[in-house]
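Working from the sequences, and respecting the hints, build out all of it.
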Amino acid sequence: MYSKELIRGTLKPIILKLLAEHGKMYGYEICQKVKELTDHEILIKEGSLYPALYKLKAEGLVEVEAIEVDHRVRQYYSLANKGKSIAVEEIKEFSLFLGTMGKLFKVNPAS
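For the record, in the sequence shown the residue sitting at position 93 is 93 according to UniProt numbering, with numbers rising by one throughout.
Take the hints with a grain of salt, since some may be wrong.
The following label-pair restraints were derived from C-beta to C-beta distances [said to hold, decoys possible]: (1) Arg74 / Lys103: 40 to 46 angstroms; (2) Lys24 / Asn108: 36 to 42 angstroms; (3) Lys106 / Ile67: 45 to 51 angstroms; (4) Glu65 / Val107: 37 to 43 angstroms; (5) Glu93 / Thr38: 39 to 45 angstroms; (6) Val88 / Asp39: 47 to 53 angstroms; (7) Pro51 / Phe94: 29 to 35 angstroms; (8) Arg72 / Glu93: 25 to 31 angstroms; (9) Lys106 / Lys4: 24 to 30 angstroms.
To be clear, the hints were calculated from the coordinates, so they are not data collected in a lab.
No residue lacks a Cβ here, since even glycine has one placed at the ideal position from N, Cα and C.
Laid out in structure tokens, this is it:
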């Protein structure tokens with residue numbers, strides 16, 4: 001598992017990418033999807049996730065919809081129109097950043 005600081009610095013592109021790919025998701029679902037996609041290497045705690053989601057909402061990138069499921073209300077998050085265009089930019093920038101970091105640390109991408 002990676003440090004909180006490293007994960008916290010990557011939350012925005014992670015959230016935007018997942019919402020761009022999967023549409024509406026609730027918080028716990030986002031945490032579980034990250035865990036699944038990274039073979040349990042990245043574990044996002046809800047205490048880190050929700051402040052990031054609230055910040056994305058405040059920036060107008062994410063919309064929230066309350067939906068009742070099994071007699072419980074879940075907050076579903078999805079990209080706002082502004083968030084859709086920002087997601088494309090963030091994902092591209094983060095991919096380029098990872099490539100640059102690979103050069104710095106002399107990491108060869110898997111073929």
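Structure-based check of all given hints:
no. : hint                               : result
1   : Arg74 / Lys103: 40 to 46 angstroms : 42 angstroms, holds
2   : Lys24 / Asn108: 36 to 42 angstroms : 37 angstroms, holds
3   : Lys106 / Ile67: 45 to 51 angstroms : 47 angstroms, holds
4   : Glu65 / Val107: 37 to 43 angstroms : 40 angstroms, holds
5   : Glu93 / Thr38: 39 to 45 angstroms  : 20 angstroms, violated
6   : Val88 / Asp39: 47 to 53 angstroms  : 26 angstroms, violated
7   : Pro51 / Phe94: 29 to 35 angstroms  : 19 angstroms, violated
8   : Arg72 / Glu93: 25 to 31 angstroms  : 37 angstroms, violated
9   : Lys106 / Lys4: 24 to 30 angstroms  : 26 angstroms, holds
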